[in-house]
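The listed protein sequences derive, respectively, from chains A and B.
According to this note's numbering, the first sequence is numbered sequentially starting from 1.
According to this note's numbering, the second sequence is numbered sequentially starting from 1001.
If you are wondering where the hints come from, they were derived from the structure by calculation, not from laboratory data.
Accuracy of the hints is not assured; some may be wrong.
Claimed, not checked - Here chain A is said to cover these stretches of chain B; the calculated rule only asks that three of the stretch's residues, wherever they fall, bring their Cβ under 8 Å from a Cβ of chain A: (1) 1027–1036; (2) 1040–1050; (3) 1096–1109.
Said to hold, decoys possible - Derived DEER-like restraints, expressed as beta-carbon distance ranges: (4) A:D63 <-> B:R1042: 30 to 38 Å; (5) B:E1064 <-> A:V12: 40 to 48 Å; (6) B:E1015 <-> A:G51: 44 to 52 Å; (7) A:K78 <-> B:T1052: 23 to 31 Å; (8) A:F66 <-> B:T1105: 24 to 32 Å; (9) B:G1062 <-> A:G16: 45 to 53 Å; (10) B:T1105 <-> A:S58: 19 to 27 Å; (11) A:V12 <-> B:T1105: 24 to 32 Å; (12) B:T1105 <-> A:S27: 41 to 49 Å; (13) B:S1003 <-> A:T76: 40 to 48 Å; (14) A:G53 <-> B:G1029: 19 to 27 Å; (15) B:S1003 <-> A:D57: 19 to 27 Å; (16) A:V12 <-> B:Y1061: 32 to 40 Å; (17) A:V12 <-> B:G1029: 36 to 44 Å.
From the three backbone atoms N, C-alpha and C, an ideal C-beta is built for every residue, glycine too.
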Amino acid sequence: GAGVSQTPSNKVTEKGKYVELRCDPISGHTALYWYRQSLGQGPEFLIYFQGTGAADDSGLPNDRFFAVRPEGSVSTLKIQRTERGDSAVYLCASSLIGVRGNEQFFGPGTRLTVL
Amino acid sequence: AQSVAQPEDQVNVAEGNPLTVKCTYSVSGNPYLFWYVQYPNRGLQFLLKYITGDNLVKGSYGFEAEFNKSQTSFHLKKPSALVSDSALYFCAVRSEDTDKLIFGTGTRLQVFP
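Using the sequences provided together with the hints, build the complete structure.
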């Protein structure tokens, strides 16, 4: 079956611009996660959705970052006034909920480069 | 606070030899532990997990991991390494009361022919 998909695969933007990154989870997965992976580091948690609502947004670094999931499926991560330090690979994952210790399935990521 | 340590940036092993990639963790309560593998320009692929039960868990591609509660470790192992196992490996942990994963910094496994 189809896995988690993310678009675009690469995004180059200029400092100060606004960007949107999209994630399509595995069909039927009600939990959706965003992580950020900087060069040479492990993924860092940003935000977690159960259905349409953000259950945990404690990892968002500041108010320039925002994510939505209006219909409980596709999610968009939005970054305003991008900074060079935002350059990273943004990973999306999805999982089933209600299953103890369920693993998260990751998409291929969006590589964001802020010039 | 939850944390994961992968003390080795890189592990080198000859093909056919056993391999071990180390991971230690810190979490309040019972841990849920995971190993993921990342190939170049690809997303993270799930290998195996420990939730409860038998301390030795088996996963994909012949990998296994041993949970050791007293040493708070979850080392990844494989009896006979393949060149195709060369990749970046991440250990991750979460506690029972949260869904976010905390990842280690990764260990690059290089298997030489």
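Hints and how they fare:
no., hint, result
1, 1027–1036, "holds (count 3)"
2, 1040–1050, "holds (count 7)"
3, 1096–1109, "holds (count 9)"
4, A:D63 <-> B:R1042: 30 to 38 Å, "holds, 32 Å"
5, B:E1064 <-> A:V12: 40 to 48 Å, "holds, 41 Å"
6, B:E1015 <-> A:G51: 44 to 52 Å, "holds, 47 Å"
7, A:K78 <-> B:T1052: 23 to 31 Å, "violated, 38 Å"
8, A:F66 <-> B:T1105: 24 to 32 Å, "holds, 27 Å"
9, B:G1062 <-> A:G16: 45 to 53 Å, "holds, 49 Å"
10, B:T1105 <-> A:S58: 19 to 27 Å, "holds, 20 Å"
11, A:V12 <-> B:T1105: 24 to 32 Å, "holds, 26 Å"
12, B:T1105 <-> A:S27: 41 to 49 Å, "violated, 33 Å"
13, B:S1003 <-> A:T76: 40 to 48 Å, "violated, 30 Å"
14, A:G53 <-> B:G1029: 19 to 27 Å, "holds, 25 Å"
15, B:S1003 <-> A:D57: 19 to 27 Å, "holds, 21 Å"
16, A:V12 <-> B:Y1061: 32 to 40 Å, "holds, 35 Å"
17, A:V12 <-> B:G1029: 36 to 44 Å, "holds, 43 Å"
Against the hints set out earlier in the document, violations occur for numbers 7, 12 and 13.
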